[in-house]
Amino acid sequence: MASVSLKEVSKKFGNITAVENLTIDIKDGEFFSLLGPSGAGKTTILRMIAGVEKPDKGSIYIDDVPVNDVPPKERDVTMVFQSYALFPHKTVYENMAYPLRKRNMPETEVKKIVHETAEILHIRHLLSRLPKQLSGGERQRVGLGRAMVRQPKVCLLDEPLTNLDAKLRVEMRGEFKKICGNLKTTIVYATPDQLESVTMAHRIAVLDKGKLLQCDSPDELYNRPKNFFVAGFIGSPAMNFVDCTFIEEDKKAYLDTAEFRYEITDLAEKIKSRITSSEVILGVRPEHIKISKSIEEGYIQLEVFVSERLRPQIIVDLKAGEKVIKALAPAEFDADIGDKIWVKFEKIFLFDKRTGEEITGGDVAFG
Amino acid sequence: MLRLANVKLEHLTKTFGEVVAVNDLNLEIKDKDFVCLLGPSGCGKTTTLRMIGGVETPTSGEIYFDDKPVTDLPSKDRDIAMVFQFYVIYPDMKPYDQIAFPLKVRKFPKHEIKERVEEATSILRIEYLLEKPISQLTVDERQRIELARALVRKPQVYLLDEPLTNLDAKLRAHMRAEIKRLFKSIGATTIYVTHDQVEAMSMADKIAVMTLGFLQQYDSPDELYDHPKNLFVAGFVGSPSMNFIDCTFVKEGEKAYLDAAEFKYEVTDLAEKIEKDSTSPEVTLGIRPEDIEIHVSRQRNALSADVSILEPMGHRAIAHIQLGGITLVVNVDLPKLKTGDKVWLTFKKEKIHIFDKKTGASII
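Here the protein sequences line up with chains F and G, keeping their order.
Under this note's numbering, the first residue of the first sequence is numbered 769, with each subsequent residue one higher.
Under this note's numbering, the first residue of the second sequence is numbered 7, with each subsequent residue one higher.
If you're looking for bench data, these hints aren't it; they were derived computationally from the structure.
Don't take each hint at face value.
BS3-like mimics (lysine-lysine), calculated; alpha carbons at most 30 Å apart, straight line [claimed, not checked]:
1) LYS342(G) to LYS1058(F)
2) LYS110(G) to LYS1087(F)
3) LYS38(G) to LYS1061(F)
4) LYS364(G) to LYS900(F)
5) LYS1038(F) to LYS1112(F)
6) LYS935(F) to LYS355(G)
7) LYS946(F) to LYS176(G)
8) LYS1087(F) to LYS176(G)
9) LYS344(G) to LYS935(F)
10) LYS355(G) to LYS795(F)
11) LYS116(G) to LYS946(F)
12) LYS1112(F) to LYS36(G)
13) LYS1061(F) to LYS190(G)
14) LYS364(G) to LYS994(F)
Throw the hints in and build the complete structure from the sequences for me.
Here's what the structure looks like:
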């Protein structure tokens, strides 16, 4: 195990900035995730930690030792890719033994380590098979196994679940988390899929276009996103956003949209002290929208655009002007296209439209 | 207005050499229904769609549109529109011309082409991009153009082959709702192929679940979810998947149990049905992740277990619970649990499923 630090690291490819002034500290033994859409800089960061790419600026440390000038093979770091790159003509055992034999390890030692690693990964029964005789999930575990036999200080994983189908990915997530917990190594896991990050990682660095937007625990990112991008990226179905104008009238304060007005007098002072203009974006998570079929105090009326019975939950899409707001409803909720229903927001976020910054600090809930 | 159609498949079979891709398929798709053909790769769903589209000839069996046999009709005479996952975009044509293309080929009068393109683009809300160069369009805009190109034809039947596969997760969730709304609002008969049960469950009126060329069940999403006819359907529909526990059905005096080695589950009230419908005492107990209740203190008849893994997802979590050698996946609403916690489990009795282990058929 080892800690990994990046201090003010930048990397350009020609005119394109892949990573910009990035500082992160990954703790010893941590499961750390790099999360962002394609072009966020995730793979470049992994490659710089591995040593196959050099930063233009800044320093990388492994266990507080600067490694900028240490060649990849001396860094004690391994990398697993989405295409596991197994040797097709070698058995699982031979594939896993390969990195050890390359280091001239005695065969008795090789055997011991391969068997131990296979035990942790639950692939002992597969050792004599060829890669083509394995399922996607099994192949993925073998790829991981081959990286782990070297018992590296740091294991870098580049979208290891991306090539699996949706259903297998859900199953592998839990299994992967369990395996990684047993491995006693520092893991840096890059993925564009927020579900993989929030379900598996201790901490997540959310990146976009080479910039770090927030680095926090999954809970913090969900409950207290610092900006518009993080808020929209973390959570599924994604947070809804509605453009609003903040207005004050007769000692009351409202968020005014083309479709509805939302009273927020209690928050007026806080909002005023933190916004740069009256143009704000209201953010509401689908699970924080309460739905009623009949009119209730403090609810607003919206029309059903479509509903999706994604058991055990129902996603109800509601029309708000040109926009669609997604709300989660319990399984027994039934609504047709065009029905009028009433909704109430139980928790909201507000973003400054110009800067994208979150204003409320994530603590605005209505009973 | 659109002309609509029932589609009927009778004893449809297609073999490729030794491989039976579709095996004696009978399916009736009603006018205006949105039907999904769902299954893993190799299940025969795409072959079925291609036969309906007329680009593949059945080895045997018959296809009817509105009771009229079309099995021998060439694709272009079938009045269908197909939408694929890899959209055919002509890079040097403007969006308007892309959409108008199928009408131009069919020599429609200019004013009608204009009318139809305008109608389709307004339904899809893409009027704003008609004059943009294709290279500047985003993936979802291209997908909408592909949909518009299908809409202008106003065919009897729309056939869609995994149209969302190439989109990222966020966009897919968004387009899913759009497509459902679109085809519901124009009231068209739509057949949609996917391997993703999320798409099928969220969009379809009815789903045909297939595997290895055989139809497993043809029902509404709710019916498939609540009353799967066999182990395959039960495991394929729903995410995370239904938990399966191998058990032996045993009787002790007046009482009957499912014996799972790690625990015994009383099923005295179901004993008669299990005895009648099972081929042997070996059965599989099925329970969905949301139908297991977790208690933090000891309860009567609750099974003692440990939390081995937690996957937090903001407002909820998936817990992997270890019950001796059995791992159960459980949906938890408020993730106050920690890894290593001792918990007690109860199953919602009315929600359990029991399958014959040998045949896979549902008993309860």
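Hints versus structure:
1. LYS342(G) to LYS1058(F): holds, 22 Å
2. LYS110(G) to LYS1087(F): violated, 35 Å
3. LYS38(G) to LYS1061(F): Holds, at roughly 27 Å.
4. LYS364(G) to LYS900(F): holds, 28 Å
5. LYS1038(F) to LYS1112(F): Judged against 30 Å, a Cα distance of about 22 Å means the pair holds.
6. LYS935(F) to LYS355(G): holds, 26 Å
7. LYS946(F) to LYS176(G): Roughly 27 Å separates the two Cα atoms, so the pair holds.
8. LYS1087(F) to LYS176(G): Holds: LYS1087(F) and LYS176(G) sit about 19 Å apart, inside 30 Å.
9. LYS344(G) to LYS935(F): holds, 25 Å
10. LYS355(G) to LYS795(F): violated, 45 Å
11. LYS116(G) to LYS946(F): Given pair LYS116(G), LYS946(F) is violated - Cα atoms ~63 Å apart, limit 30 Å.
12. LYS1112(F) to LYS36(G): Violated. LYS1112(F) to LYS36(G) sits at ~38 Å, over the 30 Å cutoff.
13. LYS1061(F) to LYS190(G): Holds: LYS1061(F) and LYS190(G) sit about 22 Å apart, inside 30 Å.
14. LYS364(G) to LYS994(F): violated, 54 Å
Comparing the model with each earlier hint shows violations of hints 2, 10, 11, 12, 14; every other hint is respected.
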